[in-house]
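2 protein chains.
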Amino acid sequence: EERPPPRGLTAPTVAAGAIAKKWLAEHFGVKIRGYMSQLGPIVIPFQSWDEVENNPFYAPNADVVPELEAYMDALRKDGDSIGARIEVIAENVPAGLGEPIYARIDAEIAYAMMGLNAVKGVEIGAGFESVSQRGSEHGDALTPDGFESNHAGGILGGISTGQNIEVSLAIKPTSSIRIKRPSINQAGEPVEVQTLGRHDPCVGIRATPIAESLLAIVIMDQLLRQRAQCGSDWLETKEQE
Amino acid sequence: EERPPPRGLTAPTVAAGAIAKKWLAEHFGVKIRGYMSQLGPIVIPFQSWDEVENNPFYAPNADVVPELEAYMDALRKDGDSIGARIEVIAENVPAGLGEPIYARIDAEIAYAMMGLNAVKGVEIGAGFESVSQRGSEHGDALTPDGFESNHAGGILGGISTGQNIEVSLAIKPTSSIRIKRPSINQAGEPVEVQTLGRHDPCVGIRATPIAESLLAIVIMDQLLRQRAQCGSDWLETKEQE
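Note that the protein sequences, when read in sequence, are chains A and B.
Using my numbering, the first residue of the first sequence is number 3, and each one after it goes up by one.
Using my numbering, the first residue of the second sequence is number 3, and each one after it goes up by one.
Hints listed in this document are in silico derivations from the structure and should not be mistaken for laboratory results.
The beta carbon of each residue, even a glycine, is placed where N, CA and C say it ideally should be.
A few of these clues could be false.
[Said to hold, decoys possible] Among chain B residues calculated to face chain A with C-beta under 7 angstroms, some are:
(1) Asp82
(2) Tyr113
(3) Ile126
(4) Ser132
(5) Val133
(6) Arg136
(7) Ser138
(8) Ala143
(9) Lys174
(10) Asn187
(11) Gln188
[Said to hold, decoys possible] Distance ranges between label pairs, derived from CB positions:
(12) Asp52(A) <-> Glu194(B): 35 to 43 angstroms
(13) Glu150(B) <-> Ala143(A): 32 to 40 angstroms
(14) Val16(B) <-> Gln49(A): 43 to 51 angstroms
(15) Gln188(B) <-> Trp236(A): 15 to 23 angstroms
Work out the full structure: start from the sequences and follow the hints.
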C-alpha cells in the first residue's frame, strides 16, 4: 500500500525560523547554523562551515561526501534506512536569557528539539560526555579574556552565558522502509508491512534546517519575554553591546 | 567563602511526585523506578531492581558498590566531582497518551528532565544509539504477543505505545569543588574560586528520585488531560484493562 509522505509542521517551522533568524541577526548579530556530524556509522569531522551548503547532507567536510553518497546508494538498494546526528550552534546570544527554575532556556530547547519527529536524544554542550567528566575538567574556566572552554554549551543553571549555545540531536532511522517488517492488523493477526513509494532513507538529512529554525524560535521567544519583563531599554542596551 | 547549598524545587517535586506515583499505581498499575547506570568511568550493569534501595547510589548491582564507594572516597580526597548517568522507567503506561505535534509526551519528558539542574542530555529509548542503527534494526517488530523490542522507549510520534517508557539522563559533575578554579571578579580581574563546605561530589547520586518524580508528574498530567478531553469513561475503561 502506498501512502502519501507524512506532513507536519516542517514548512511553518522553517518559515517562522527564517523570520526569527533574520530578527536575531539584525538586532544582536546572532548567527544560527547547523550541520550533520554523523550519518549511521560514518563520523563526519568538522572541517569548515563553507562546505555545509555545498552538499545535500549539510556535511561540513567535502572529503567525506563521496563516502556518504556511496553509503546512501547501497542503503537505498537494501531498502533500509539509517540514523544521523545533527549539531546546531547559536553564536552571539546575549547572556542572561532564561530563568533558573521555570522558563529555563535549556528545557525549552529540549522541548522544541524532542518535539521534532524522529528525534530520540538531545544534548547541550558536553551532553552525555559529562557523565565521565570530572568537575575540574567539565567546569569552564573564566578568565579576563572569556571562557577557556564550553562544556556547558552556552547555558548554566537554565540561563545563557553568552558563549555559543551548542545542541546535538539523535535522529532515528526512517520507519518507512521497503524491507518487510512484522506487524499486526486490527484483528491482532500477524501481517507483514512493506512501505513503498518515495521515502527518505535518512530523515536526518532533512533535519538540519528545521533544527536551526527551532533554536532560532526558542531564542527569539526568550528575548521577547526578556523585553516584556525588562523593557525596550534592556533590548537597546544589549543591541549596542 | 562558604555558601549555603543551592535550594530549588527538589522537595516540592518529590512531594508532588509521590502523589502522582500513588495515583498512577492505584488507577493503572503504573510503576515508575529509576537507577544509576554509570558513575564517572564506572558502568553499572543492571542486575536487579531489588538492589537499588540497598545502597546510597541507587545502583542495581551489589557487586559494584564497593568499587563505587572507593571511587567516591578517592574523589572526595581530591576535592573533585564527577558526572553520572541515570535511567528512569515507567511500566504499564496506557497506550495513546500524548499528541503528534503539540503536547507530545516525549517533548514534555525532555522539558521536565532538561529542567532538572545539572542535566546536560536526555534520551528516550535507544537515544543516541539510534544514530548508527538501521531502520530494520531500530524499528520494533509488532507480533500478536506484543512488541519484540523497545528501541522507541515506549513513545512513537509523540504518543505512548503501551511499552515501558525509558528515559536516560546525563548529569554533569557538581560545579562546586574544592580544587581552585580560575574565574573573574566584578571588575573583570582574575581570581581563584574554591568552594568549601558541604557539597556532594556527585549530584547524580541524588538525581534518581527526582527524575522518577518528574516522569510521574508528566504522565499523570497527560492522563488528566486525556480525561478532560475524552471523559471519565475513557479513564475507567483504561483502568479495567
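* Asked: Which earlier hints can't be squared with this structure?
  -> Violated hints (numbers, rising): 10, 11, 13; every other hint is consistent with the structure.
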